[in-house]
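Enquirer: Please work from the sequences and hints to get the whole structure.
Here is how the chains run, residue by residue.
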Amino acid sequence: MLIDSKKQILFSEFTPGYGLSIALKMSPEKIIDIMIRSTLRGRGGAGFPTGLKWQATAKAQKTPKYIVCNADEGEPGTFKDRILLSDYSEKLFEGMTIAGKAVGSNKGIVYLRGEYRYLLKKLDKVLNRLRKIGYLGKNILNSGFDFDIEIVLGSGAYICGEETALIESLEGNRGEARNKPPFPTDEGYLGCPTVVNNVETFSYVPYIINKGADWFMEIGTEKSKGSKLFSISGDVKFPGVYELPFGVSIAEILELVGARDTKAVQVGGASGICISKKDFDKPLAFESLPPGGSIIVFNKSRDMLKVLKNFIEFFVEESCGQCTPCREGNYRLLEAVEKLERGECSINYLKVLRKLAESMKYTSKCGLGQTSPNAFLSIIDNFKGEILARPKKVND
Amino acid sequence: MFRYQEEILANEIKSIVEKYGNKRENLLRILQELNDKYNYLSEQVLQNVASCLKISPSEVYGVATFYSFLNTKPKGKYVIRVCKTIVCDLNGKDKIINTIENELGIKVGETTKDGLFTLEYTNCMGMCNQGPAMLINNDIYYNLDPEKVVEIIEKYARGGDSNVD
Numbered sequence: 001m002l003i004d005s006k007k008q009i010l011f012s013e014f015t016p017g018y019g020l021s022i023a024l025k026m027s028p029e030k031i032i033d034i035m036i037r038s039t040l041r042g043r044g045g046a047g048f049p050t051g052l053k054w055q056a057t058a059k060a061q062k063t064p065k066y067i068v069c070n071a072d073e074g075e076p077g078t079f080k081d082r083i084l085l086s087d088y089s090e091k092l093f094e095g096m097t098i099a100g101k102a103v104g105s106n107k108g109i110v111y112l113r114g115e116y117r118y119l120l121k122k123l124d125k126v127l128n129r130l131r132k133i134g135y136l137g138k139n140i141l142n143s144g145f146d147f148d149i150e151i152v153l154g155s156g157a158y159i160c161g162e163e164t165a166l167i168e169s170l171e172g173n174r175g176e177a178r179n180k181p182p183f184p185t186d187e188g189y190l191g192c193p194t195v196v197n198n199v200e201t202f203s204y205v206p207y208i209i210n211k212g213a214d215w216f217m218e219i220g221t222e223k224s225k226g227s228k229l230f231s232i233s234g235d236v237k238f239p240g241v242y243e244l245p246f247g248v249s250i251a252e253i254l255e256l257v258g259a260r261d262t263k264a265v266q267v268g269g270a271s272g273i274c275i276s277k278k279d280f281d282k283p284l285a286f287e288s289l290p291p292g293g294s295i296i297v298f299n300k301s302r303d304m305l306k307v308l309k310n311f312i313e314f315f316v317e318e319s320c321g322q323c324t325p326c327r328e329g330n331y332r333l334l335e336a337v338e339k340l341e342r343g344e345c346s347i348n349y350l351k352v353l354r355k356l357a358e359s360m361k362y363t364s365k366c367g368l369g370q371t372s373p374n375a376f377l378s379i380i381d382n383f384k385g386e387i388l389a390r391p392k393k394v395n396d
Numbered sequence: 001m002f003r004y005q006e007e008i009l010a011n012e013i014k015s016i017v018e019k020y021g022n023k024r025e026n027l028l029r030i031l032q033e034l035n036d037k038y039n040y041l042s043e044q045v046l047q048n049v050a051s052c053l054k055i056s057p058s059e060v061y062g063v064a065t066f067y068s069f070l071n072t073k074p075k076g077k078y079v080i081r082v083c084k085t086i087v088c089d090l091n092g093k094d095k096i097i098n099t100i101e102n103e104l105g106i107k108v109g110e111t112t113k114d115g116l117f118t119l120e121y122t123n124c125m126g127m128c129n130q131g132p133a134m135l136i137n138n139d140i141y142y143n144l145d146p147e148k149v150v151e152i153i154e155k156y157a158r159g160g161d162s163n164v165d
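First to last, the protein sequences are chains G and E. The opening residue of the first sequence carries number 1 in the working numbering; numbering runs sequentially from there. The opening residue of the second sequence carries number 1 in the working numbering; numbering runs sequentially from there.
Derived from the structure by calculation, the hints contain no laboratory data. Beta carbons: idealized from backbone N, C-alpha and C, even for Gly. It is possible that some hints are incorrect.
[What the hints assert, rightly or not] Chain G regions said to be covered by chain E (calculated; three or more residues, Cβ under 8 Å):
#, region
1, 15-27
2, 112-118
3, 130-139
4, 171-181
5, 307-317
[Unchecked claim] In the PhoX-like style, the derived pairs of lysine-lysine whose C-alpha atoms are separated by at most 25 Å in a straight line are:
#, chain 1, residue 1, chain 2, residue 2
6, G, K393, G, K309
7, G, K237, E, K148
8, E, K19, G, K107
9, E, K95, G, K300
10, E, K23, G, K107
11, E, K107, G, K306
12, E, K23, G, K62
13, G, K138, E, K19
14, E, K107, G, K309
15, E, K75, E, K107
16, E, K19, G, K122
17, E, K37, G, K121
[Unchecked claim] Here are some chain E residues pointing at chain G (derived, C-beta under 8 Å):
#, residue
18, D114
19, G126
20, I140
Expert: As structure tokens, then:
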């Protein structure tokens with residue numbers, strides 16, 4: 001059975017202190033050791049091992065250190081963090097506090113996207129309650145450890161989900177990505193060592209500390225341990241957030257959410273890839289199909305060129321404009337889609353654009369530009385038949 | 001603007017900057033509050049912020065124009081932002097836009113003559129399982145259909161800008 005309650009983590013039982021009361025009795029080294037052994041990987045998309053990130057920050061000399069939660073969930077088709085923030089934020093705050101103890105930080109910041117501003121009151125209420133009952137603030141649970149969390153709002157910019165752009169935004173700048181290295185673990189917020197993790201990543205932490213690394217590793221595949229939240233939307237009967245173990249296939253997901261006549265599935269949001277039926281049996285895991293949080297389903301009635309155009313328009317608008325491959329490249333891809341729409345795009349021109357898309361992947365400065373051609377390339381490849389050689393349109 | 005009005009503005013901005021502290025890292029928060037207070041960030045507002053933070057006005061302008069939720073031009077009292085990204089698009093955002101355009105007599109990007117509503121598109125706001133969706137200022141509305149949208153807009157037109165459920 002696909003939804004096995006034993007394999008569900010984030011929606012299982014939890015009371016404040018679930019992991020924290022245990023972590024506070026541990027040494028920072030011990031906490032980091034458990035996190036490294038659990039092989040938890042970042043759930044924001046990039047999949048960097050969380051324990052190693054914490055270890056690097058713990059080893060960095062400079063102080064103070066910061067724990068930043070990336071709650072700038074902007075990837076099209078992704079809404080899992082909204083559910084965690086709205087209904088399960090105690091887990092997130094506890095995960096951040098444990099991270100603080102592990103790396104030697106007393107200050108956490110949640111960067112909440114401006115679109116989720118309506119959640120702010122609720123989140124502040126939870127923070128206040130945690131302070132009142134001694135799980136946040138000075139001398140947490142009489143352990144001598146101080147940690148507090150502040151929420152900072154974004155103002156509508158997809159790029160700020162990239163960790164260095166997020167830090168720039170926190171510092172009151174335009175949200176333009178930085179060069180790496182230095183990595184935030186050495187020089188992050190205000191030049192200080194900073195852990196930046198996704199909402200979902202932090203939310204697993206109390207469970208891993210409470211139940212141990214081995215328990216966490218029982219779930220998932222060889223190289224992708226644990227479960228993952230999937231935001232599933234589009235042409236399905238039961239859209240929503242599902243917690244599923246790594247290794248689940250697209251076909252299984254489609255059955256679970258009541259999808260009929262499915263033609264295509266966009267895995268990983270606008271920056272992910274679009275697959276056709278031939279790949280529906282592939283498992284979702286870091287080593288196979290990259291498991292971004294977002295699954296968008298398209299049935300047979302959908303025009304894939306229209307879908308592609310929507311994705312590229314998104315990137316044209318959300319590119320920060322800092323580097324040329326991303327700023328100009330996405331415009332050229334949009335032009336090509338418009339030509340394809342009018343039935344005016346030659347296959348030779350498309351070959352040139354394929355080269356452009358490849359060079360955007362290699363030469364863009366940050367993840368936005370590097371991943372923005374994915375939809376273009378995968379839709380052109382997997383849905384050639386319907387996209388190429390469309391009849392010429394006289395007038396729209 | 002009369003001199004005394006300029007002074008009032010300068011003092012108001014000064015007190016907001018002081019509330020957060022005149023450090024660069026507070027700039028976005030300061031601009032967010034001023035944007036709420038004055039509806040948009042005029043050149044004069046931005047210049048005042050720059051002088052309080054002792055940075056160049058062009059730096060402040062650069063930040064103000066980067067973020068889509070900060071306005072550098074006047075907007076309506078209520079800014080309607082309809083999500084146009086893929087899933088809301090599949091779920092019929094065009095109908096929602098048409099309805100609002102017809103109801104308010106404006107096109108996307110315009111403001112009603114009475115200054116009450118501005119209509120805009122926005123990118124994915126994480127309501128994909130309940131689209132089409134829109135924000136009116138900070139309030140979220142979802143599972144929209146043309147009739148529901150008209151009801152919501154009427155509620156704002158009557159002056160009731162309370163949140164949904």
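Enquirer: Does each hint hold? Answer for all of them.
Expert: Against the structure, the hints come out as follows:
Remark: the region 15-27 of chain G is not confirmed as covered by chain E, as 0 of its residues place a Cβ nearer than 8 Å to a Cβ of that chain, below the required three. With 6 residues carrying a beta carbon less than 8 Å from a beta carbon of chain E, the region 112-118 of chain G meets the three-residue requirement, and the given coverage holds. Counting residues of the region 130-139 of chain G whose CB falls under 8 Å from any CB of chain E gives 0; the rule of at least 3 is not met. Here the region 171-181 of chain G counts 5 residues with a CB under 8 Å from a CB of chain E, which clears the bar of 3, and the coverage holds.
Coverage of a stretch by a chain is defined here by at least three residues with a beta carbon nearer than 8 Å to that chain's beta carbons; for the region 307-317 of chain G and chain E the count is 5, and the condition holds. For the hint pairing G/K393 with G/K309, the CA-to-CA distance comes to about 17 Å; that is within 25 Å, so the pair holds. Between G/K237 and E/K148 the CA atoms are separated by roughly 22 Å; this keeps the pair inside 25 Å, and the hint holds. Restraint check: the Cα-Cα separation between E/K19 and G/K107 comes to about 20 Å, which is no more than 25 Å; the hinted pair holds.
Taken as a hint, the E/K95 and G/K300 pair is honoured in the structure, with Cα atoms around 21 Å apart against an allowance of 25 Å. Between E/K23 and G/K107, the direct Cα distance comes to roughly 18 Å. Compliance with the 25 Å bound is thereby established for this hinted pair. The straight-line distance between the Cα atoms of E/K107 and G/K306 is roughly 22 Å, inside the 25 Å bound, and the hint therefore holds. Between E/K23 and G/K62 the alpha-carbon distance is near 21 Å, which keeps this suggested pair within the 25 Å criterion.
Distance hint between G/K138 and E/K19 is fulfilled; the C-alpha atoms sit about 23 Å from each other, no more than 25 Å. Note on E/K107 and G/K309: the hinted pairing holds, with a Cα-Cα distance of about 22 Å set against a maximum of 25 Å. The suggested pairing of E/K75 with E/K107 holds, with an alpha-carbon distance near 14 Å, which does not exceed 25 Å. As the CA atoms of E/K19 and G/K122 are separated by approximately 23 Å, the hinted pair is consistent with the 25 Å bound.
A threshold of 25 Å between alpha carbons decides the hint, and for E/K37 with G/K121 the separation of about 19 Å falls inside it, so the pair holds. Interface restraint check for E/D114: the shortest CB-CB distance to chain G comes to about 25 Å, outside 8 Å, so the restraint is violated. Because the smallest distance between the Cβ of E/G126 and any Cβ of chain G comes to about 4 Å, under 8 Å, the interface hint for this residue holds. Annotation: E/I140 was flagged as interfacial toward chain G, and the flag holds, the nearest CB pair being 5 Å apart, inside 8 Å.
Violated hints, listed in ascending order, are 1, 3 and 18; each of the other numbered hints is respected by the structure.
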